[in-house]
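Number of protein chains: 2
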Amino acid sequence: MIRSQLRVVKNIARAMSTPSEAVPTPKSAPKSGKLQFTLKTPKGTKDWAEKDMVIREAIFGQLSSLFKRHGGITLDTPVFELREILAGKYGEDSKLIYNLEDQGGELCSLRYDLTVPFARYVAMNNVQSIKRYHIAKVYRRDQPAMTKGRMREFYQCDFDIAGTYESMVPDAEVLSILVEGLTSLGIKDFKIKLNHRKILDGIFQIAGVKDEDVRKISSAVDKLDKSPWEVVKKEITVEKGQTEETANLIGEYVKLNGSLQEVHNTLSNDAAIQGNEKAMEGLKEIETLIGYVNAFGIQNYISFDLSLARGLDYYTGLIYEAVTAASAPPKNASELKEKSKKQKKDDDDASEYVGVGSIAAGGRYDNLVNMFAEASGKKSTSIPCVGVSFGVERLFSLIKQRVEQSDKVRPTATQVFVMAFGGGKDWTGYLPERMKVAKTLWENGIEAEYVYKSKANPRKQFDAAEKSGCPIAVILGKEEYLENKLRIKRLGPEFADDDGELVDAANLIPAVKEKLAQVHENGVDEITRLIKDL
Amino acid sequence: MIRSQLRVVKNIARAMSTPSEAVPTPKSAPKSGKLQFTLKTPKGTKDWAEKDMVIREAIFGQLSSLFKRHGGITLDTPVFELREILAGKYGEDSKLIYNLEDQGGELCSLRYDLTVPFARYVAMNNVQSIKRYHIAKVYRRDQPAMTKGRMREFYQCDFDIAGTYESMVPDAEVLSILVEGLTSLGIKDFKIKLNHRKILDGIFQIAGVKDEDVRKISSAVDKLDKSPWEVVKKEITVEKGQTEETANLIGEYVKLNGSLQEVHNTLSNDAAIQGNEKAMEGLKEIETLIGYVNAFGIQNYISFDLSLARGLDYYTGLIYEAVTAASAPPKNASELKEKSKKQKKDDDDASEYVGVGSIAAGGRYDNLVNMFAEASGKKSTSIPCVGVSFGVERLFSLIKQRVEQSDKVRPTATQVFVMAFGGGKDWTGYLPERMKVAKTLWENGIEAEYVYKSKANPRKQFDAAEKSGCPIAVILGKEEYLENKLRIKRLGPEFADDDGELVDAANLIPAVKEKLAQVHENGVDEITRLIKDL
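Going line by line, the protein sequences match chains R and Y.
Under my numbering, the first sequence has 264 at position 264, and the numbering climbs by one with no breaks.
Under my numbering, the second sequence has 359 at position 359, and the numbering climbs by one with no breaks.
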């Protein structure tokens, strides 16, 4: 409020007396001549509050801790960037970029993702190596589909390792982070589909796809996560002019999936692969990866899936995507049609079924930073990167379903409600006394509240405590307090008959701490427990 | 990256082959025909990274904990609001609002503060009572003065209590939060200047200021925090047409300051005050406040200062502002001139000397929410509010000066560096083994890193550990590891001769935890210690 509240109040008052030049939309017949407008957030945005906020903060807390455990440091970039930084980065999706109005000076746009600002930061500061995480909002002028969690303002949650390291070492750690992240959020039924750009490139070469056609064929294969093979094959042959033989050969390869070791073995014994330099490069990296993935004990989460093509053309190495069992792609065309129809009904946007199942994804991108460095006239330096992004809104929906029914999720962290009981004509209500006790609790790091009323009756104080969901009451009894005694009592229906225990005021803090240690269901711990699905 | 990285990489690559239509500014002769642009953040914005980020996060952590201790819940509103929500709220400062470009649909603007979105939320959701905190960025197209921490994108850190409560009870708690917040950040030499709108109103009435002149006289008095009385008096008489007598009478009152009790006593015994209804209302509230402030034991921080006039016309009750001793206002005109000159030299902006000293401020504003409710056609309901805002950027500068010299401030939270020592031709470097050990540490919540290299020599591993500043090494000795033994060693120059201790691999976690418990200087604790200036 420092710079603002004064002005706000000042100017609202001013606006009330002199109607502003920015005339609000009249909605209904204004009462007493006042102008009216709708109180809402902009389309595709929302306020985060109450239980949602608690759940979201717990998710962010889990992921931040995870990233810190892996030596990650966080970076906070401005919410808008120079327009030229974003320009030309998102192709036809550039139309979704929010621009700031040209009010003189630099032209700016709201960030569209966290990856471009990260690459800008690394290139701008000549950073040679960094493990950074960033949990922040990004902006897209998309058609919002609230029910599916697609918003115009939404969170991304990225971890990336930039720097020149030994092959597959950071990649394996990012995969481990993916697994640790999802399991720490209580997501158990997921698998990571993994593929390697160089192997796919090799396969297209083997199948006889010309270099200039690789991109469009890759983009057809990319659709295998939402369409069955017969549809994709048709696109490859009819639409994209490849021979039946080429399509069939691609089809033979992309249907391969299994454990890293199995698919690695299959490919290693394939004469065509053996003869393809690119594919063999990729296969060698997979071999290296297997050792590290086994060291981390995450091999069972990974499915080497040659049909995964996301970002194939521009990722430079591993690509991966975590999907939950609940949202696996349809098995065949009729199931797809069924799903699409349902989706359409639910959401009026069937084309976006794809990717709903992806709850985290990423890959290696070795050329992005250098593109910024070169474009700004800096010396070309290769800063290879590998990263993963957790789909926060999607994870939020999954976790919310699981935890929101619990009455253990409460918006405040309050641990102690300070109350006073008494009566009679001389009863002051002990308000300053409650304040003193609360202050002592605060000074000792304990969350405490009391009713903002001199003479509050016991019922109202219990109701307020219950509403806050806090586990302990410290009670100032009219007589007891005069003898320097305080009563500590567990709250909740199961303790209705428990009178609590009387302690010396001097021992309040240790006694409260002991009681709190007995309380396993306190807000913060409980939400973490719920999030982790323990 | 989920939705974005793919597109980013895809489209950057596309942009590199087909130069974008949004042509970057050519800076120098482009090498090999490539277009160039400057890599920078927009004017008045910055990246938060490295130590700054650590310090800032620690400050936010302290303040969030504080707010939670007082039962606060956090609220996250969109970064932009409908333009009509902001319109007419900031008077002539409205020109500083960042508008989003009109790309069809609703017109929006970046939020200018957190108070208007808060009031919008409360009114929109018919919230009857809430204690909310919000730490977030706000946006002003001001002329940035980086050296003074004035940015176009900057953080606000607000705590507000909305709801109808007994007089002065929430106000006293907000004052306690102000004190607890500053002391928890190691700020010791501050005082809170406090005044009451109704008392000032009464004084102006007593002095003979006509009702229609109160605003402009109040605004003159407001300048007493940067100008001496003789300058303000001249403004009141010469510029604003009040009599010498009126000015002198105002001067007599506004020079009053002292403890709440002292100034209260003085005013209570003043016949003119006794005869003024408004002033007596305010004085009664001060009397109530004294009891609560004493209960919280914060009376010594407060100076009842009748010259404080901030927001006078539009705040409805208490107003307050915390200043540090270092930045007290100049005592007389010549000192002011001196300060201005110095300031000018330092900053080329002497007019902004004012307010630099204010590190937190707030007050009671009882009509803001209702204005929104009424403007949107809702039933008029009074939701009185009182709040405080911490000046994060200013606090950051103060704290940074204090802590940045410490080598204890490090960007990562890494606690353990996992190393392997060995040699000879058969030496594998134990990379997968280091990964396994790291994984065990991560699974037990311990921050761990290792060098991303198969055969890293001991020097390089120690260098990397030292660079991270982490306190403990877990060492896989070539022979020792084969016997299932690991070495745990403290890091740092003072432990150079300490070989550490050998533990069974099975006992690694308890042994590391024990060692970490001995380490009082670990990153997280140390930064908190530094921030709190313990």
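None of these hints come from the bench; they were simulated from the model.
Among these hints, one or two may not hold up.
Just so you know, same-sequence chains aren't split out, so a pair can sit in one copy or run between any two.
Claimed, not checked - Here are the simulated lysine to aspartate or glutamate pairs, EDC-like style, with alpha carbons at most 16 Å apart:
(1) K233 - E252
(2) K255 - D499
(3) K43 - D102
(4) K489 - E230
(5) K453 - E285
(6) K425 - D533
(7) K137 - E153
(8) K137 - D76
(9) K455 - E166
(10) K453 - D533
(11) K40 - E166
(12) K453 - E166
(13) K210 - E404
(14) K284 - E404
(15) K478 - D93
(16) K460 - E57
(17) K467 - D211
| query | Can you give the numbers of the hints that this structure goes against, from lowest to highest? | reply | Of the numbered hints given earlier, those the structure breaks are 2, 4, 6, 10, 11, 13, 14, 15, 16, 17, listed in rising order.
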